[in-house]
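A.B. asks: Protein chains in written order, with this note's numbering: chain A, 1 to 105; chain B, 1001 to 1105.
Please keep in mind that the hints were generated in silico from the structure rather than gathered at the bench.
Don't be surprised by glycine CBs; every beta carbon is placed ideally from N, CA and C.
The reader is advised that the hints may include incorrect statements.
[Said to hold, decoys possible] Beta-carbon label-pair distances, calculated as ranges:
1. PRO1039/B to VAL45/A: 21 to 31 Å
2. HIS1046/B to ASP28/A: 17 to 27 Å
3. ALA15/A to GLY1088/B: 32 to 42 Å
4. LEU104/A to VAL1022/B: 33 to 43 Å
5. ARG95/A to PRO1075/B: 13 to 23 Å
6. ARG1011/B to GLY9/A: 21 to 31 Å
2 protein chains.
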Amino acid sequence: MSSFFIATGARVGFAGGKFAKVDLARGDHLMTGLNCFEPGQAQAVHAHAGADKFYLVLEGKARMRVGPEEAEVGPGTLVWAPAGVPHGVLEAAERSVMLIGMSLG
Amino acid sequence: MSSFFIATGARVGFAGGKFAKVDLARGDHLMTGLNCFEPGQAQAVHAHAGADKFYLVLEGKARMRVGPEEAEVGPGTLVWAPAGVPHGVLEAAERSVMLIGMSLG
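Build out the structure end to end from the sequences listed, making use of the hints.
C.D. replies: Structure below.
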């Protein structure tokens, strides 16, 4: 299996308690992975000092917050969380899968 | 319009000559955008010193290279290009849309 070409669909997985985090690739400067939510699951609002992050919603529907803004997100929504700006998933309304990318170092 | 919540589908666009690049968001540490290819268009193999990058194929089909590896990619394939490793799109077989994320600074 290649470490350069990764089939994301085969890596999706859910967990009963907390939402599931799946690492896809990690370098010295950037990481990418999946965040997978069952309906009702959430990710506490948090911030990363010195690291920019985005989510791309691949499947599902969820309510998210970035800074002072909240939105209902679905497939194709890119959620941009600049360094230091609090962000999180208030609640997944459906099974939701998000690709994340975050700067490192 | 929010700068935190971005509808990527509304930003897709193609160009007649070279493939189209669309910036979606840019911070001090990370940028994200779309690369949109008409059938037959390519992106020359290139490398970024000190910057990791990935592509997530959203639509279409294309032949890509990373380092010594080549693959036919389609929706859901994540293509990981670590800093310094040459990568590119040899040829799009169909109209193809890829989300990219790249570390900065």
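A.B. asks: It remains to establish, for every hint, whether it holds in the given structure.
C.D. replies: Hint by hint, here is what the structure shows:
{"no.": "1", "hint": "PRO1039/B to VAL45/A: 21 to 31 Å", "result": "violated (43 Å)"}
{"no.": "2", "hint": "HIS1046/B to ASP28/A: 17 to 27 Å", "result": "holds (19 Å)"}
{"no.": "3", "hint": "ALA15/A to GLY1088/B: 32 to 42 Å", "result": "holds (37 Å)"}
{"no.": "4", "hint": "LEU104/A to VAL1022/B: 33 to 43 Å", "result": "violated (25 Å)"}
{"no.": "5", "hint": "ARG95/A to PRO1075/B: 13 to 23 Å", "result": "holds (18 Å)"}
{"no.": "6", "hint": "ARG1011/B to GLY9/A: 21 to 31 Å", "result": "holds (24 Å)"}
Of the numbered hints stated above, those contradicted by the structure are hints 1 and 4, listed in ascending order.
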